[in-house]
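Q: Which chain is which? The protein sequence lines are A and B, in order.
Each residue of the first sequence is one higher than the last, beginning at 1 in our numbering.
Each residue of the second sequence is one higher than the last, beginning at 1 in our numbering.
FYI, nobody ran anything at the bench for these hints, they're computed from the structure.
Ideal placement from N, C-alpha and C gives every residue a C-beta, glycine not left out.
One or more hints might be untrue.
[What the hints assert, rightly or not] Just a few of them, taken from the derived set where beta-carbon distance is under 10 Å, the chain A residues facing chain B:
#1 42
#2 151
#3 168
#4 198
#5 260
#6 510
Listed below, chain by chain, are the residues.
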Amino acid sequence: MIRQLYRVLGPEGSRPLNRLLVLQSAASVLQGVAFALLVPVLKALLGTDPGDVLPWLTAFTGCVLAHAVLQGAAVGGGFTVGSRLSRALHRRMADQALRLPLGWFTAGRTAGFSRLAGQNVIQVMSTPAHLLRPFISSLLTPVTLVAATFFFDVRTALVLLLCAPVLYAVQQASTSLMRRLDLGRDAAIGESADRVLEYTRNQPVLRAFGRTAEGYGALDDALAAEARADRRLIVRGLPGLVSFTFATRLVFALLLALGVSWQLDGSLTVPTLLALLVLLVRLIESVSSAAEAGAGMRIARNTLERLGAVLDEPPFPQPARPRTPRDASVEFEGVGFRYDTGGADDPSSRPVLKDVTFRLPERSTTALVGPSGAGKTTVAALIARFRDATEGTVRIGGVDVREIAADDLADHVSLVFQDVYLFDGTIEENVRIAAPDAGPAELAEAAALSGLDKVIAELPDGWDTKTGEGGARLSGGQRQRVSIARALLKDAPILVLDEATAALDQENEALFAEAVRTLADRKTLLVIAHRLSTVVHADRILVLEDGAITERGTHDDLVTAGGTYASFWHRRTRAHGWRLEAARP
Amino acid sequence: MKSQPPGPGPAPDAAAGGAGTGATPPPPPHPLRTLAEPVRGRLAVAVGLQAVAALAGVVPFIAVSRIAERLTAGPPAEGDALWPLVALACAAGLVALVCGTAAGALAHLADNDLQLALRRRLARHIGRLPLGRLTDRGTGEVKQAVQDDVSALHTLFAHTLLDVVSVLTAPVLTLVYLCTVDWRLALVGVVPLLLGVFLFSRAMAGAAAQMAEFGAAVGRISSAAVEFASGIAVFKSFGRGGKAHERFLRATEDFADFFAGWVRSTLACSTAAIMVVAPAVVLLLLSVPGALFVVQGWTTGAELVPFLLLGPAVAAPMGVVGPRIQQIRAGQAAAVRVTGLLAAPTLPEPKTPALPDGHHVRLRGVSFSYDGHDDVLSDVDLDLAPGTVTALVGPSGSGKSTLASLLPRFHDVTAGTVTLGGADLRDIPASELYRRVGFVLQDVRLLRASVADNIRLGRPDATDAEVERCARAARIHDRITELPDGYATELGTAVALSGGEAQRLSIARALLADAPVLVLDEATAYADPHSEALIQDALSALAAGRTLLVIAHRLSTIRTADRIVVLEDGRVTEQGRHDDLLAAGGRYTALWEAQRAAGPDETDGAPRHRSAPAGADRAADDVREGSAR
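Throw the hints in and build the complete structure from the sequences for me.
A: Written out as C-alpha cells, the structure is:
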C-alpha cells in the first residue's frame with residue numbers, strides 16, 4: 001500500500017509522504033510508550049506510597065504531550081499529502097493520457113480511465129488521512145505495548161507474543177474469505193448496474209415492444225442476482241466478520257484468567273495485574289482498529305493498483321532525434337497492422353491491414369472506399385499516428401511518422417472524425433481549440449468553408465452557443481460542421497476526412513462534397529468516403545477490402561475494370577433508385 | 001421537478017391520480033422514514049439487540065473494576081470471590097459479540113430486502129415515466145438513484161444506524177458506572193467530551209455548505225474527466241504540446257485549491273477536536289487529577305482503575321461522530337432523491353381505456369414542445385390512411401423526428417390530439433398500442449441478449465421458426481448463421497454487429513412484432529452504405545401492406561409516396577403527391593432541385609425508373625426497386 005502510494009505520487013510528491021510516515025510512526029510509538037508508562041503510574045498509586053508517582057506521572061505527561069504534538073502535525077500532514085496526492089495524480093493521469101497511443105483508449109478503457117481520473121483519485125486522496133495514519137498507529141502502538149510488557153511481566157508478554165500470530169492468521173483468513181465473496185458480488189453489482197443503464201437508455205424500444213419493468217426479465221434477474229450475492233456475503237461472511245472480534249475477546253479472557261490465577265498463586269502482584277489489565281485494554285482497542293483500517297486499506301490498494309497500472313502503461317514512443325517532413329505527401333509502404341494479441345479488449349488477432357502500399361502526392365484528393373470493417377479508419381489512425389503500424393512504414397513528407405515529433409506531426413495532419421466529439425463549451429471555444437490565437441478573419445474563413453457560418457447565423461447566441469456535454473445540444477449536422485471548421489482552422493497541409501455514415505441529411509451531404517471540392521487544390525486530402533457524390537470527385541480511388549488494397553485508379557478506370565468498385569457503383573446506383581411504397585387498399 | 005404539461009381532456013385528472021405515489025397527508029414524514037417502513041420492525045429489533053450488545057460490551061470492564069476493588073480492599077482475595085467476576089466478564093463479552101453480530105446480520109438482511117424492493121419499485125416506476133423525463137436528465141439520475149442512492153441507504157440502515165446506537169448507549173452506562181465509583185473524577189472524565197463537542201461543532205460550522213461545495217467540485221472533476229477521456233482524440237490532435245489537458249487540469253486545480261482552503265480553515269479546530277478525545281490525552285486528563293486525588297487520600301488507587309479502563313470510552317464517540325453525521329446526511333439526501341424519483345408523475349394511464357377501431361391515424365391541431373416554451377410542432381393536421389405511404393420531408397430540425405415519435409407515444413402532445421382508429425393515443429392501453437404501432441429508427445438499440453431474444457422483443461412467445469422467417473425476410477439470417485453461436489449468440493459482449501446489420505436485425509424485430517402502423521426513418525437505409533441494398537430489401541419486405549410514416553432524407557426514395565408532407569419549423573407548409581408538389585413550384589420543388597444539385601448520384605437515376613404500376617395485386621410487389629442496373 002505504502003509502496004503503491006510512492007509509486008503513484010512519483011518522486012516529486014514523495015517528500016510530504018516521508019514526513020507523514022515519520023511523524024505518524026513517532027506519534028504511534030510515543031503513544032505506546034505513554035500507555036506503557038501508565039503501568040508504573042498505577043503501580044505507584046496502588047502501592048504503599050502514592051507520592052512515588054510523581055516521576056512516572058511526569059514522564060507519562062511528557063510522553064502524552066509529545067505524542068499529541070506529533071499526532072497533531074501528522075493529522076495536518078495527512079491532509080497535505082492527500083491534497084498533494086490529488087494534484088499529483090490528476091496531473092500524472094492527464095499527462096499519461098496524452099502520452100498513451102490513442103489506440104489504447106477503447107470504449108471500455110475510456111470509461112475506466114474517466115472513473116479513475118475522476119472519482120477514484122478523490123477516493124485515494126483521503127487514504128493518507130483516513131486509512132494510512134490509523135493503520136500505522138494501530139500497528140506500531142501494539143508492537144510498542146507488547147515490547148513494554150516484557151519490562152513488567154515476562155509471562156504476559158510471552159502469551160501476547162504467542163497470540164499475535166494467531167490473531168494475524170484469523171485476520172488473514174477472514175480477509176481472504178471476504179475477498180472471495182466480494183469477487184462474486186462485484187460481478188453481480190456490475191451486471192445489475194449495466195442492466196439498469198440498458199433498461200433506462202432503451203426505454204423507447206422496450207416500451208414500444210411492450211416490455212415494461214415486469215416484462216424485461218434481464219433487469220429483474222440482475223437485480224435479484226445482486227440481492228442474492230449480497231445475501232450470500234452477509235450469511236457466509238458472518239464467520240469472517242465475527243472471528244477476529246471473537247479472537248481478540250478470547251485473548252482478553254485468557255489473559256484475565258491467567259492474571260487472576262497468577263495473582264492467586266502469588267506470582268503476580270495486585271498492582272502489576274491491574275496495571276497490565278489497563279494496558280491490555282489499550283492493546284485490544286488498537287488491534288481492533290487495525291482490522292478495520294486493514295479492510296479499508298485493501299479497497300484503497302486495489303484502486304491504487306489500477307491507477308498504477310495505467311501510469312505504468314508504456315507511453316507511445318517518441319523519436320529521440322526528430323525529423324521534419326519535407327512536404328505534405330503521405331506514403332504507406334508494406335504497412336500491416338494487427339491488434340496486440342492477448343489484450344482483453346481485442347477479441348481477435350486477425351490482421352486489420354495487410355501489406356498496404358500507396359502514395360498520396362501533395363495536394364491530391366484520394367477516396368478510400370470499402371465495406372465496414374475493411375480497415376479504412378485504421379489507415380486514418382496510422383497517418384495521424386494514433387497507433388503505430390506493426391509492419392512496414394508510414395511516411396509523411398518522406399519521413400517515417402515515428403521519427404516526427406508529436407507536435408510537428410499534429411501541425412501536418414488534421415482530422416475530421418466520424419463520431420464528432422465536442423466538449424462542453426461554446427461553439428467558438430470548440431473551434432478555437434485547434435488554434436487558440438487565430439484571428440477573426442481566419443475563424444470566419446474556416447466557418448465559411450465548413451458551412452458553420454450558416455449554423456452560426458441561425459443560432460440566437462451565434463458563436464457563443466453552448467454545445468452541451470459531448471455536443472448534445474447541437475444536431476448531428478451542426479456538430480459535423482463544427483468539427484470540419486475546427487479541422488480547417490488548424491490549417492494543416494494534410495487533411496483526413498472520415499465521412500459520417502449516419503445523421504447526414506441532404507444539406508450536410510452537399511456541404512461536405514462542396515468542402516472537399518474547395519479544399520482539393522489546397523491540401524492533401526484523404527476522404528474515407530461512403531457516398532458516391534464524394535467519391536467521384538477524387539483524383540484517385542483506393543478500394544480496401546479485408547485489410548488489403550484490391551483496386552486503385554480513377555472512377556472511370558475502376559468502373560470499366562468491372563471489379564469490386566464497379567459492382568459497388570452499380571449497387572449504389574440501383575440503391576438510389578429504390579422507392580418505398582405500400583399497398584393501396 | 002418538471003411535471004406533465006397540462007392538456008385538455010382527461011389527462012390532468014389522470015396525472016393527479018398518477019402522482020399519488022408520494023405521501024400527501026398533512027405532516028409528511030421524512031422520506032427516510034417512508035422508505036424504511038417495510039423493514040421497520042426488523043430494524044427496531046436490530047437496534048434493540050445492538051443496544052444490548054453495547055451495554056454488555058461495557059460489563060467486562062466493570063467486572064475488571066470490581067476485581068480491582070476486591071483485590072485491593074481488605075484481606076487478600078479468595079479465588080471464590082474473583083472467578084465469578086472473571087466468568088461474568090467472559091460471558092458479557094460473549095453476549096456482546098452474539099447480540100452485536102445478530103443485530104448486524106438482521107439489519108443487513110432487512111436492508112438486503114429493502115434494496116431489492118426499492119430497486120424493483122424504481123425500475124417499475126422508470127418504465128412508466130414520460131420518455132421526455134428520461135432523455136432530459138439522461139440516465140445519470142436513474143443510475144444515481146438505483147445504484148448509488150440505494151447503496152447510501154444501505155450504509156445508513158445497515159451500518160450507521162447500529163453505530164449510532166452503540167455510540168449513544170455504551171458511554172451512558174459507562175458514565176453512570178463511573179459516577180457510582182467517584183462522581184468528582186467522573187465529572188473530570190466528561191471534560192474531554194464537552195471540549196470535543198465544542199471544538200467539533202466549531203470545526204463543523206459551515207460544513208454543510210462546504211460539503212455541498214465539495215460534492216459539486218467532485219462532480220465537476222468527474223465530468224471533466226469523462227470529457228477529457230471521451231474527447232481524448234480531439235484534445236490530442238488539436239491541442240498543442242502541454243495545452244491539450246488544460247481544461248481537465250484547470251478543474252482539478254480548482255478542486256485541489258478548494259480542498260486545501262477548506263482544510264486550512266478548519267484544520268486547527270478539527271485537529272484539536274480529534275486530539276482532545278484521543279485515548280492518550282483523555283488518560284492524561286484523568287490520571288493527573290486522579291493521582292492528585294489518590295495522593296491527597298480523596299480516593300483510592302483501586303477506584304482510579306475503572307477510570308483508566310473506561311475513561312477513553314466516554315469521549316470516544318466524538319472521534320467517530322463526524323463520519324456518522326456525513327453518512328446520515330448522505331442517507332437523507334439519497335432518500336430525498338429516491339422518493340423524488342418515485343414521486344415523479346408517471347404517464348397517465350387511461351381512465352376509460354379505448355380500443356382503436358381500424359388503423360387510421362389522425363393528427364388534429366397537434367403542437368408539441370420539449371421544454372414548455374418553444375414549440376417544435378405547431379398546429380399539425382395529418383391523416384395516415386390504412387395501407388398508404390406518407391413521407392415527411394423538410395430541413396433538419398424541422399420536427400420530422402419529433403412528429404414521428406408521437407405515433408408510438410414516445411411523447412404526449414402538448415396540444416391537439418393524435419388518434420388511432422378513432423381512439424386518442426392517451427386512452428389506448430400501452431399494451432394495445434405497441435401491438436399496433438411499430439417503428440424502425442436510425443438509432444438502433446440492441447439489448448445485451450441473444451440474437452433470437454432481440455428479435456423476439458415484441459413477441460416473447462414467438463417460435464424459432466417465426467424468428468428465422470423474419471430474419472430471412474430482413475436479409476440478416478445469413479449473417480446470424482455466421483455468428484459463433486448462431487441465433488443464441490449474445491450481442492454486446494464478444495460480438496458486435498455493424499450499423500447496417502443492427503438495422504436489419506431491428507427490421508426483423510419489427511417484422512415479427514407485425515404492427516399494422518409503421519414509423520420508419522428512411523436514413524436507416526443508408527446508415528451502412530455497403531449493405532444499403534440489403535437494408536432496402538429488408539425495409540421493402542417490412543413496409544409491404546402497412547400504414548407507413550416515413551421520415552425521408554433522400555427525396556428520390558419517396559417520389560411515389562401517396563402523400564408527401566413538407567415540414568418547416570414545426571408547421572406543415574405543403575402536402576400532396578410528388579408531381580403536384582413539383583408543379584406547385586414551392587418549397588418541395590426547391591428541396592428537390594437542391595438534391596439534384598447535391599451530387600450526381602442522387603436524383604439522376606430518376607428518368608431510368610419504371611413507374612410503379614398502380615393497384616398492384618400483391619402488396620410485396622408494390623415496393624419497387626429501381627432498374628438502373
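Q: Each hint: holds or not?
A: Hints, one by one, checked against the model:
no., hint, result
1, 42, "holds (7 Å)"
2, 151, "violated (18 Å)"
3, 168, "violated (20 Å)"
4, 198, "holds (6 Å)"
5, 260, "holds (5 Å)"
6, 510, "holds (4 Å)"
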